[in-house]
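J.: Chain by chain, the residues:
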Amino acid sequence: METSALSFYLISAFILITGLLTVFTKKLFRAAIWLLSSLIGIAALYFVMEVDFAAAVQIIVYVGGIVVLIIFSIFLTNNEGVSMPAPLSKRKIFSAIAVLCGAGYTVMLLDQHVWMAHSANAYDPSVKKIGYLLVSNSPDSYVLPFEVVSILLLAAMIGAIVIAIKARPEEK
Amino acid sequence: MSGVPLTHIIIVSSLLFFIGAYGFLTRRNLIAMLMSVELMLNSVNINFIAFNKYLFPDNLDGLVYTIFIIAIAAAEAAVAIAIIINLFRNTRSIDAEDADQLKN
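In order, the protein sequence lines correspond to chains A and B. For the first sequence, the working numbering assigns the number 354 to the initial residue and increments by one for each residue that follows. For the second sequence, the working numbering assigns the number 66 to the initial residue and increments by one for each residue that follows.
Everything labelled a hint here was simulated from the structure, so no lab data went into it. Being a predicted model, the structure only gives us computed values, none of them experimental. Here a beta-carbon is modelled for each residue, glycine too, at the ideal position from N, C-alpha and C.
With a cut-off of at most 30 Å between alpha-carbon atoms, the simulated BS3-like pairs for lysine-lysine come out as follows:
(1) B:Lys168 - A:Lys519
(2) A:Lys482 - B:Lys118
(3) A:Lys379 - B:Lys168
(4) A:Lys380 - A:Lys443
(5) A:Lys443 - B:Lys168
(6) A:Lys379 - A:Lys443
(7) A:Lys445 - A:Lys380
(8) A:Lys445 - A:Lys379
(9) B:Lys118 - A:Lys481
(10) A:Lys445 - B:Lys168
(11) A:Lys519 - A:Lys380
What the simulated footprint calls covered on chain B by chain A, stretch by stretch (three residues with Cβ under 8 Å from a Cβ of chain A suffice, anywhere in the stretch; the number is not a length):
(12) 92 to 99
(13) 104 to 115
(14) 137 to 144
(15) 148 to 160
So these bits of chain A aren't anywhere near chain B, every CB distance computed over 10 Å:
(16) Asn490
(17) Ser491
(18) Pro492
(19) Arg521
(20) Pro522
Bound-form chain A, shown alone (with noise of 0.2 Å):
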């Protein structure tokens, strides 16, 4: 087996090994590292399969952006060492009979299709080309969503500090 292979089949095991902790760990401080192990472990999966700007901007924004921001809010909302209950049995039987099926169904139908590629072109996800796509002006570009983007996650952000800003007690 060569070393791609490998190494992706390695890291594919460490991304649901720990997808796994976090969704059953107690203690939410370590379900958030464990999350923050996970995402890591995607962007490596991105670097293996050749997408280094993927890989770049998973680890900006999740592991540098994301991640931060919930063990912030862990600190700020949770007593530390405190672990959550564990959920109801009833629900948790319910829920892995829903997972198990859905994911037993999805696994047995990709294991009976049959992908067909739409050219044998070499991937070239540069950089130069993934800037030409989002902010030129040809009209197959994507300039449009982009800046569409760019302005909800504006109104997003200042949405947030709207919500979680300390109401200031009432003068008088």
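Dock chain B against chain A, hints included.
T.: For chain B alone, kept in the frame of chain A given last:
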């Protein structure tokens, strides 16, 4: 990476999605639920990039969509955490069962 069939990548991402779904269904802590949603979003990103690389290598649309999803996930996480912090201020709890002020 040529030795790995596309099906295996998609199976990994599907399993990750269902792990996240299980967490979302069983956890009752709002931050833990948010973490499960992040896992699900990441599995979708893996799908987009794998399909782009294996089936449509000529154009980079899947990669661009992945970048959009990451940006929207960041916005979603920021708003969700603001709401959670505000809820904690009002009810001193981040359990989903305790957020029942609209019920009465």
